[in-house]
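Undergrad: Listed here are the chains, written in short residue letters.
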Amino acid sequence: MSTTAPSRAQTRATTAVGVTRGASPGTPVRVDTADGLLAVRTVSRGTDRAEVALVATGAVLLGGDHVLVRVDVADRCALRITDVGGTVAYDGEGVACRWDVEVRLGRGSRLDWYGMPFVVSDGADVVRATTVRLGAGSRLVLRETVVLGRDGERGGRVALHSDVADDGGPVLVEEVTACGTDRVPGVLGAHRVLDTLTDLRSTDDLDVPAESDLPEAVPDAVPLSDGAATLQLDRGGTLTRWLGAATHLSPIERALDRRRRTLEER
Amino acid sequence: MALLLADARLPGGGHAHSASLEPALLGGLPAADVPAWMAGRATTVSLVEAGTAVVASRVLAAGPVAEDDGPAALAAVERAWAARTPSQALRDAARLLGRGYLRVARTLWSGHPAVVAVAGQAARHGSVPRAVVLGAVAAASGLTPADVVRLTVYDDAQTAASALLKLEPLDPLVTARWVLDACAAAEPHVPRVAACTTPESIPASGAPQTEGWAEAHALRTQRLFRA
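First to last, the protein sequences are chains A and B. Residue 156 in my numbering sits at position 156 of the first sequence, and the numbers go up by one each step. Residue 1059 in my numbering sits at position 59 of the second sequence, and the numbers go up by one each step.
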């Protein structure tokens, strides 16, 4: 099908979110934002934390689009990001697109980002790169769900790059390349969905702001018998991963749902 | 030189490993998909190993010039490899293989600075991964970077092929064909990987399904191979 939105010229716009402590003690954190292909909406602010939502400002991703999201969390601040909707990378008709996320976490800071599914349509050719610099004692909790194809499609091509480092060197460097029309056993096999919950901390004793509504023990909540694997990285931290047929079947989704319900009942 | 290293009869401990094949079959990989899986390895995780060996070899060949920085430079190569190998089961298997390879290297190239340097690293850290030892052997024996890449890919594919014959009875000539196909699949990547000079430049191509299978396999009690 070629009912994609009209093509447009190479579009690159930076979306930025920065969180810093308030000017005086007891005042809310300052949230600086810039809108690009995604707009930032501030949901709440406290003395050491903020929550923002990312909202698409138009049809993303089209061929030639370059989304760049910069996130900067200052020392001892916490930020939670929620996506308002999933993202669809449409058929670029031969033109590739890019989705870059650059995160810088200050000392003792924390970022929780629960992304919605990123769907790679037939004909799409996407690079999705996430670069994170962890300050001493910081923590990153990131959920990334990539889906090959919309309903009834096989899906296009996607290259997922992750590069996480702290002052001690690389923590996670990974490149996963998948293509809906060329399924490789051992990479994703026949599966359409790659669901990953990343939980990384820089190795340091600094206190990290707690986010009370988070599943602290996700690896326990998502047992291997459920089909998810928890990878313990060499430098500490985990990737909990599930490969499957549909996002709603993911044990990661169920574990996060359970956690949300428990909190609502309190 | 490459022929000796590529020979499964060299007692390096490789016979106890299936290059992730047993975990894959137990995890549900159909035997008919083994050739595609082998080609997939040859263009993903095998290249991480190959790139690590190439960079380790270059760091070690530069040895005496940077003697003070030597251990730090070698440690940086190992860190780069570990950050590109998210599965603990696979890191453990590679470090175990590294011990066997190091024994071979210390016997055959005893006293060579590259081998001494890696033995020192192993003594400090308990073990070094196979790819780093392979880099020392390459430095000691003068293997070219392209040969290091081809050797790594071939060894990985042949290890899986030999293991398959123990797991699923098959004509060995059939698996020989698959090994050649896997090596051919990696060939376009050889120049790029052979050109790696820094830890950052080592390929990071992962295989999530293989990594998941490796973790599940590590918890099994009934298995023929370690990994």
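The set of hints was computed from the structure by calculation and includes no laboratory data. Among the hints, erroneous ones may be present.
To be verified - Just so you have them, the derived chain B footprint on chain A, three or more residues with Cβ under 8 Å:
(1) 19-28
(2) 238-247
Unchecked claim - Here are some chain A residues the structure puts well away from chain B; computed CB gaps all over 12 Å:
(3) D163
(4) L188
(5) R201
(6) L233
(7) R235
Backbone N, C-alpha and C define an ideal beta-carbon position, used for all residues, glycine too.
Undergrad: Would you say R235 of chain A is clear of chain B, with no C-beta pair closer than or equal to 12 Å?
TA: Violated, because the least Cβ-Cβ distance between R235 of chain A and chain B comes to about 7 Å, which does not exceed 12 Å.
Undergrad: Minimum Cβ separation between D163 of chain A and chain B greater than 12 Å?
TA: 8 Å, violated
Undergrad: Beyond 12 Å from every chain B Cβ: check whether that's true for L188 of chain A.
TA: 6 Å, violated
Undergrad: Taking beta carbons only, do three or more residues of the segment 19-28 of chain A come closer than 8 Å to chain B?
TA: violated (count 0)
Undergrad: Against chain B, does L233 of chain A hold up as non-interface, every C-beta pair farther apart than 12 Å?
TA: The assertion about L233 of chain A is violated, with a minimum of 6 Å to chain B.
Undergrad: So is the segment 238-247 of chain A in contact with chain B by the C-beta rule, three or more residues under 8 Å, or is the coverage claim wrong?
TA: holds (count 3)
Undergrad: Find the nearest Cβ of chain B to the Cβ of R201 of chain A and say whether that gap is larger than 12 Å.
TA: 15 Å, holds
Hint compliance for this structure: hints 1, 3, 4, 6 and 7 are not met, and every other hint is.
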